[in-house]
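Protein chains: 2
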Amino acid sequence: MFRERLVQDAARIQNHFDLVLGALDDLDITHAMAYATCGGKRLRGFLVLESARMHGVGPAQAIWPATGIEALHAYSLVHDDLPCMDNDEMRRGRPTVHVKWDDGTAVLAGDALQTLAFELCTNAEVGTGEIRAEMALTLAKASGAQGMVLGQALDIAAETAASPLTLEEITRLQAGKTGALIDWSVCAGARLAHADTGPLRQYAQALGLAFQIADDILDIEGDAELAGKRLQKDTQAGKATFVSHLGLDAAKSRAAELVDQACSALDGYGTQAETLKDAARFVIARDS
Amino acid sequence: MFRERLVQDAARIQNHFDLVLGALDDLDITHAMAYATCGGKRLRGFLVLESARMHGVGPAQAIWPATGIEALHAYSLVHDDLPCMDNDEMRRGRPTVHVKWDDGTAVLAGDALQTLAFELCTNAEVGTGEIRAEMALTLAKASGAQGMVLGQALDIAAETAASPLTLEEITRLQAGKTGALIDWSVCAGARLAHADTGPLRQYAQALGLAFQIADDILDIEGDAELAGKRLQKDTQAGKATFVSHLGLDAAKSRAAELVDQACSALDGYGTQAETLKDAARFVIARDS
Chain D
398 MFRERLVQDA ARIQNHFDLV LGALDDLDIT HAMAYATCGG KRLRGFLVLE SARMHGVGPA
458 QAIWPATGIE ALHAYSLVHD DLPCMDNDEM RRGRPTVHVK WDDGTAVLAG DALQTLAFEL
518 CTNAEVGTGE IRAEMALTLA KASGAQGMVL GQALDIAAET AASPLTLEEI TRLQAGKTGA
578 LIDWSVCAGA RLAHADTGPL RQYAQALGLA FQIADDILDI EGDAELAGKR LQKDTQAGKA
638 TFVSHLGLDA AKSRAAELVD QACSALDGYG TQAETLKDAA RFVIARDS
Chain U
398 MFRERLVQDA ARIQNHFDLV LGALDDLDIT HAMAYATCGG KRLRGFLVLE SARMHGVGPA
458 QAIWPATGIE ALHAYSLVHD DLPCMDNDEM RRGRPTVHVK WDDGTAVLAG DALQTLAFEL
518 CTNAEVGTGE IRAEMALTLA KASGAQGMVL GQALDIAAET AASPLTLEEI TRLQAGKTGA
578 LIDWSVCAGA RLAHADTGPL RQYAQALGLA FQIADDILDI EGDAELAGKR LQKDTQAGKA
638 TFVSHLGLDA AKSRAAELVD QACSALDGYG TQAETLKDAA RFVIARDS
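Protein sequences, first through last, are from chains D and U. First residue of the first sequence: 398, per the numbering used here; consecutive thereafter. First residue of the second sequence: 398, per the numbering used here; consecutive thereafter.
The shape of chain D in the complex, shown without the other chains (with noise of 0.2 Å):
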């Protein structure tokens, strides 16, 4: 149910991109914007619109954030395979937009995306005002200077820091880097019904740390050509990771022991939450 599920709403959100990037001026960046935000899992999307299943919201209205946070994302990995960055030349088995382009265009479409991830988030078809304003609001919460932005930030500044980072400050950067926008994604769904929010944010928490372990783990294990990108930069650059502080085996056990806790959490929701406790255990069983 999961996977089928996961692959439908990631043509959804592509048929949502053709549309909304379709309007728009024939340019480098506006080809870059499309070419961008084509392909990857949709991880963050399908946990839009599987949450808003579950408190009643269609796809009609839960496409417009659930296309928003794709464009957040994208322009987030745009911003980071950049030269003064990450400088990333192949992402999703294809070379960056820096590489296919050049960094102005990467620079400005990276910009653009970010902006239609708001622009998306406050679409009349949202739903009520306070709804617009509380996805907008929550979403800059999540990936700004306090939030994904920050955990880029820490990550940066561990590079030339005196002593490797300790389990809590990776813990704390991880939080910032991928689980503020799992987070935000995971939530989403109540926000949109005017629910409480409290057992998907107990479940995001668990599952943004048990995601980041995999990526760790996967950094070390996993095959580049499945990934699509380049791997064992963390062990290269000589990188603190859970992985580096656990071992591996510890990891693993560590990740398995938050996806309980994530399908835990929600067992409120009866089998309604059966898709969302799939995807948990998907996470640290993927290989991309």
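Do not rely on the hints blindly, as some may be mistaken.
Because identical chains cannot be distinguished in the list, a pair is counted as satisfied if it fits within a single copy or across any two copies.
[Claimed, not checked] Within a straight-line C-alpha distance of at most 20 Å, the following computed EDC-like cross-link-like pairs (lysine to aspartate or glutamate) qualify:
| no. | residue 1 | residue 2 |
| --- | --- | --- |
| 1 | Lys538 | Asp423 |
| 2 | Lys538 | Asp422 |
| 3 | Lys630 | Asp684 |
| 4 | Lys538 | Glu522 |
| 5 | Lys538 | Asp415 |
| 6 | Lys438 | Asp485 |
| 7 | Lys630 | Glu486 |
| 8 | Lys630 | Asp483 |
| 9 | Lys630 | Glu618 |
| 10 | Lys497 | Asp423 |
If you're looking for bench data, these hints aren't it; they were derived computationally from the structure.
Starting from the structure of chain D, add chain U where the hints point.
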């Protein structure tokens, strides 16, 4: 009256930035964010505060979008100055962010400033959900791939175009690059009060064009020290501008004509509009 208000409002915006940015982590990117938002005329923020006053909306509410539009403007300057974009080393009389720190810090600080703009515009103090959502949605439209970034992309495309831009193409480029944010700022007051944006929009469109013609004149006649940035860039790059099309004298007449049009659009506001009318006159008389 106008100059006093501009100075007062600039101080008000600085205080608000101090408050908001002071709450962030002590990191290079947060220092770079504060540095990038420091100084400048704060014309856009002033336009928000002043148009709000004209509609009976006080600074306690209007300071949020006023600071928001200045955060957005600051992000656009930080990214514009990057070596892969305009490659400028001076801005507001000081080294640009990537010169003072590095390119990666400039990319991230700009990203976080864009996010901050949306966070400020959707703050609970801004008004009802409907107002907050509309502030964010209209800001996204004004600044993204159909607004400011479109203007920047057209500007980059013009550099490699076979023939120089026509006057109509320059007008469209500038309507995006500088006009859209000026339009948003001027209309903000009416939006905060749920009032008709019609007259303000007419004012803004004439003002935005006058502003850009004045910029082209400044690029030729200005003093780089007073302007605090490199000048004669367009002439050196052989770019088509309003001045290269119209000649210096006709460009000046056209700018003056547009300022008259801008002022007339506000006649319905009576004496309430005096400060905005002065602002329009200032725009073509400024030296920076």
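Hints, one by one, checked against the model:
Taking the shortest Cα distances, Lys538 and Asp423 sit within 20 Å of each other only across copies (17 Å), while inside one copy they are farther apart (32 Å). Taking identical chains as interchangeable, the C-alpha atoms of Lys538 and Asp422 lie at most 20 Å apart only when they sit on different chains, with a minimum of 14 Å there against 30 Å within one chain. In this homomeric assembly, Lys630 and Asp684 come within 20 Å of each other (Cα to Cα) only inside a single copy, at 16 Å, whereas the closest approach across copies is 50 Å. For a Cα distance limit of 20 Å, the shortest separation of Lys538 from Glu522 across copies, 16 Å, qualifies, whereas the shortest one inside one copy, 22 Å, does not.
In this homomeric assembly, Lys538 and Asp415 come within 20 Å of each other (Cα to Cα) only across copies, at 18 Å, whereas the closest approach inside a single copy is 27 Å. Taking the closest pair of Cα atoms, Lys438 and Asp485 come within 20 Å of each other only inside a single copy of the chain (19 Å); across copies the shortest separation is 38 Å, beyond that limit. Taking the closest pair of Cα atoms, Lys630 and Glu486 come within 20 Å of each other only inside a single copy of the chain (13 Å); across copies the shortest separation is 33 Å, beyond that limit. Proximity of Lys630 and Asp483 under a CA criterion of 20 Å is satisfied intra-copy only: 10 Å inside one chain copy versus 32 Å between copies.
When the C-alpha separation of Lys630 and Glu618 is checked against a cutoff of 20 Å, the pair qualifies only within one copy, where the shortest distance is 12 Å, while the shortest distance between copies is 52 Å. In this homomeric assembly, Lys497 and Asp423 come within 20 Å of each other (Cα to Cα) only inside a single copy, at 17 Å, whereas the closest approach across copies is 36 Å.
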